[in-house]
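There are 2 protein chains.
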Amino acid sequence: MDTIKVKESIQHAAESIQSDVVNTPILQSQYINDKYSVKVIFKCENFQRTGSFKFRGALYGIKQSIKEDKDCQFCGHSSGNFAQALAMAAKINQKKATVFMPQNAPQTKVDGVRYAGGEIVFTGNTIVDRENAINEFLTTHKNYKGLHPSNDYSMIIGNATITLEMLSENSDLDMVIVPVGGGGILAGTALAAHHFAPHIKVYGAEPSGAADAVASLATGLIQPSIQPQTIADGLRTQLGDVNFPIIQRHVTDILTVDDDETIMAMKDVYQYLKIVIEPSSALPLALIKKYPKVFANKRIGIIITGGNLDLINLAEIFK
Amino acid sequence: MDTIKVKESIQHAAESIQSDVVNTPILQSQYINDKYSVKVIFKCENFQRTGSFKFRGALYGIKQSIKEDKDCQFCGHSSGNFAQALAMAAKINQKKATVFMPQNAPQTKVDGVRYAGGEIVFTGNTIVDRENAINEFLTTHKNYKGLHPSNDYSMIIGNATITLEMLSENSDLDMVIVPVGGGGILAGTALAAHHFAPHIKVYGAEPSGAADAVASLATGLIQPSIQPQTIADGLRTQLGDVNFPIIQRHVTDILTVDDDETIMAMKDVYQYLKIVIEPSSALPLALIKKYPKVFANKRIGIIITGGNLDLINLAEIFK
Numbered sequence: 091m092d093t094i095k096v097k098e099s100i101q102h103a104a105e106s107i108q109s110d111v112v113n114t115p116i117l118q119s120q121y122i123n124d125k126y127s128v129k130v131i132f133k134c135e136n137f138q139r140t141g142s143f144k145f146r147g148a149l150y151g152i153k154q155s156i157k158e159d160k161d162c163q164f165c166g167h168s169s170g171n172f173a174q175a176l177a178m179a180a181k182i183n184q185k186k187a188t189v190f191m192p193q194n195a196p197q198t199k200v201d202g203v204r205y206a207g208g209e210i211v212f213t214g215n216t217i218v219d220r221e222n223a224i225n226e227f228l229t230t231h232k233n234y235k236g237l238h239p240s241n242d243y244s245m246i247i248g249n250a251t252i253t254l255e256m257l258s259e260n261s262d263l264d265m266v267i268v269p270v271g272g273g274g275i276l277a278g279t280a281l282a283a284h285h286f287a288p289h290i291k292v293y294g295a296e297p298s299g300a301a302d303a304v305a306s307l308a309t310g311l312i313q314p315s316i317q318p319q320t321i322a323d324g325l326r327t328q329l330g331d332v333n334f335p336i337i338q339r340h341v342t343d344i345l346t347v348d349d350d351e352t353i354m355a356m357k358d359v360y361q362y363l364k365i366v367i368e369p370s371s372a373l374p375l376a377l378i379k380k381y382p383k384v385f386a387n388k389r390i391g392i393i394i395t396g397g398n399l400d401l402i403n404l405a406e407i408f409k
Numbered sequence: 091m092d093t094i095k096v097k098e099s100i101q102h103a104a105e106s107i108q109s110d111v112v113n114t115p116i117l118q119s120q121y122i123n124d125k126y127s128v129k130v131i132f133k134c135e136n137f138q139r140t141g142s143f144k145f146r147g148a149l150y151g152i153k154q155s156i157k158e159d160k161d162c163q164f165c166g167h168s169s170g171n172f173a174q175a176l177a178m179a180a181k182i183n184q185k186k187a188t189v190f191m192p193q194n195a196p197q198t199k200v201d202g203v204r205y206a207g208g209e210i211v212f213t214g215n216t217i218v219d220r221e222n223a224i225n226e227f228l229t230t231h232k233n234y235k236g237l238h239p240s241n242d243y244s245m246i247i248g249n250a251t252i253t254l255e256m257l258s259e260n261s262d263l264d265m266v267i268v269p270v271g272g273g274g275i276l277a278g279t280a281l282a283a284h285h286f287a288p289h290i291k292v293y294g295a296e297p298s299g300a301a302d303a304v305a306s307l308a309t310g311l312i313q314p315s316i317q318p319q320t321i322a323d324g325l326r327t328q329l330g331d332v333n334f335p336i337i338q339r340h341v342t343d344i345l346t347v348d349d350d351e352t353i354m355a356m357k358d359v360y361q362y363l364k365i366v367i368e369p370s371s372a373l374p375l376a377l378i379k380k381y382p383k384v385f386a387n388k389r390i391g392i393i394i395t396g397g398n399l400d401l402i403n404l405a406e407i408f409k
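Residue numbers (my numbering), protein chains in the order written: chain A, 91 to 409; chain B, 91 to 409.
Think of the hints as simulated: they come from the structure by calculation, not from any bench. Where hints are given, some of them may not hold.
With a straight-line cut-off of 35 Å between C-alpha atoms, the simulated DSBU-like cross-links for lysine-lysine are [what the hints assert, rightly or not]:
#1 B:Lys291 / A:Lys409
#2 A:Lys379 / B:Lys185
#3 A:Lys157 / B:Lys129
#4 B:Lys388 / B:Lys409
#5 B:Lys97 / B:Lys153
#6 A:Lys153 / B:Lys125
#7 B:Lys388 / A:Lys388
#8 B:Lys125 / B:Lys291
#9 A:Lys186 / B:Lys125
#10 B:Lys357 / A:Lys185
#11 B:Lys235 / A:Lys185
#12 A:Lys357 / B:Lys181
#13 A:Lys357 / B:Lys380
#14 B:Lys185 / B:Lys97
#15 B:Lys129 / A:Lys125
#16 A:Lys380 / B:Lys181
#17 B:Lys185 / A:Lys129
#18 B:Lys129 / A:Lys153
#19 B:Lys185 / B:Lys235
#20 A:Lys129 / B:Lys157
#21 A:Lys129 / B:Lys181
#22 A:Lys97 / A:Lys129
#23 B:Lys157 / A:Lys357
#24 B:Lys235 / B:Lys97
#25 A:Lys125 / B:Lys379
#26 B:Lys186 / A:Lys129
Just so you know, these numbers come straight off a predicted model, no measurement behind them.
Whenever a hint applies, use it, and build me the whole structure from the sequences.
Below you can see the structure in the form of structure tokens.
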């Protein structure tokens, strides 16, 4: 990709979605900084509309698509957060959205889609189930455009706007850490850092029970996510052909943590940062604790990707 | 009190503590607004230093005391939040703080005091136990000044700065609701509203199992808090002779909710606002749901007073 074009795309996306997205707060905790021997700022996309960062890419993707075809409607598949984001972004633009979700999606994410007026089609629990269902739908619904939750250039550029916002008030960061599932937020973060603050290292945090991205980087080929075992329901997916080359080129490294480490970090976020996050969002802090040689004494930006989870699951985690 | 003097005191307090306090974020949830048929803004003092609004008054009280006697040290009694606030505010001013806490204070509040370098003296669980202990301490520690968590003019004025901040960006509110325990935040809020936006009605939200403030207003005499039964550990205390006259004069009404209603509201705050709050902070939203004739279709400011609680208690609440 042309360097100037990417930079302009990210700026264009930021301007294009600005009036409809929340410029999310940045929080810090002296206690967490002391405990982990770092200086961390948390960019809180759990306060984004629909409770996750996915709203930015969904909105930008819809706006771009409407430019090309003003009569199109939208569909997508999602384990939950993208479903809510797509439904709300469509609603804002007076469009319909049909989303394909696994039967085991958290109830709060299902409720969120319905609240935004989205139509839900439940599928089996694997990505292949969802992709098959949406492909069949698209063959019979010619006016619908399918938007991919992570492997789509508009999503990646939409995600990049988070880092752009974060850097506008915190240009002195050494590194940024984000979780890795489908790779959309990691690719967007890496692109934004590369084009606006190339001194910043970008790390991915992946569950050790779903470490397909680490394997993909190691082999140079996208590895499937087969029977992922992790509490982080947003990170059970795999990389795609649009985001993988960006990740290969611009990401410093992807490191893993297990679910126990994720839960420990999650507790620290609830206790000291006072915010509600879903398990996926705890991985970057868990990474800092596990790999002090990489992260100690650094100025680190963490993107809190979302806060959608069933409270009954919190009871299980905190008991 | 002289009107001009009060107004100037609040402005003076705001300037005096500004560089050491967090100008806490204001959050909203479209979902909550729709569900409760209101427009609510939440001023999030759970993001204040030490995790509660108490830091403002403690800091202002200490700064004012040091002006009068630069060599004094500090002590106070608290069920937890004021203890942490006093310890941290003392530390910032290179002072010592000794706090008298009940044995049943949440562990996180105990840890917070220790983190801030405060010295803890555990007492029995009643207010009388704490007051007796601190009075005995003061007879033998002449260089110590006792600061009261709620019945002290500096605390009340410090608390008033929250409403001042909230109004600076939201002057169009119809009313503000805050919880009532010792009465400090209610008196501070009422003073600020009266002097900066007299059209705003101020309501107190009190647990029905600890409704001494309602009884105090009804009888015109401060009623003791005898065997309070409520999940809201910060609201088990009673009004005092400094804040009661302010509450009598400037508060529109105090209404009650029971613990089940509080827990329902607490769940909504976690689920839709994505923030960690202690039970006491959920009462104002519970009030809105219970009394639609008073609150429906109004523009309402709610002060989220704190976010300090043991996560194990969340497991119990959300199960």
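Structure-based check of each hint:
| no. | hint | in the structure |
| --- | --- | --- |
| 1 | B:Lys291 / A:Lys409 | 41 Å, violated |
| 2 | A:Lys379 / B:Lys185 | 32 Å, holds |
| 3 | A:Lys157 / B:Lys129 | 34 Å, holds |
| 4 | B:Lys388 / B:Lys409 | 33 Å, holds |
| 5 | B:Lys97 / B:Lys153 | 19 Å, holds |
| 6 | A:Lys153 / B:Lys125 | 29 Å, holds |
| 7 | B:Lys388 / A:Lys388 | 46 Å, violated |
| 8 | B:Lys125 / B:Lys291 | 22 Å, holds |
| 9 | A:Lys186 / B:Lys125 | 23 Å, holds |
| 10 | B:Lys357 / A:Lys185 | 31 Å, holds |
| 11 | B:Lys235 / A:Lys185 | 64 Å, violated |
| 12 | A:Lys357 / B:Lys181 | 26 Å, holds |
| 13 | A:Lys357 / B:Lys380 | 32 Å, holds |
| 14 | B:Lys185 / B:Lys97 | 29 Å, holds |
| 15 | B:Lys129 / A:Lys125 | 39 Å, violated |
| 16 | A:Lys380 / B:Lys181 | 31 Å, holds |
| 17 | B:Lys185 / A:Lys129 | 26 Å, holds |
| 18 | B:Lys129 / A:Lys153 | 28 Å, holds |
| 19 | B:Lys185 / B:Lys235 | 11 Å, holds |
| 20 | A:Lys129 / B:Lys157 | 34 Å, holds |
| 21 | A:Lys129 / B:Lys181 | 21 Å, holds |
| 22 | A:Lys97 / A:Lys129 | 28 Å, holds |
| 23 | B:Lys157 / A:Lys357 | 40 Å, violated |
| 24 | B:Lys235 / B:Lys97 | 26 Å, holds |
| 25 | A:Lys125 / B:Lys379 | 40 Å, violated |
| 26 | B:Lys186 / A:Lys129 | 27 Å, holds |
Violation of the numbered hints given earlier is confined to hints 1, 7, 11, 15, 23, 25; the remaining hints are satisfied by the structure.
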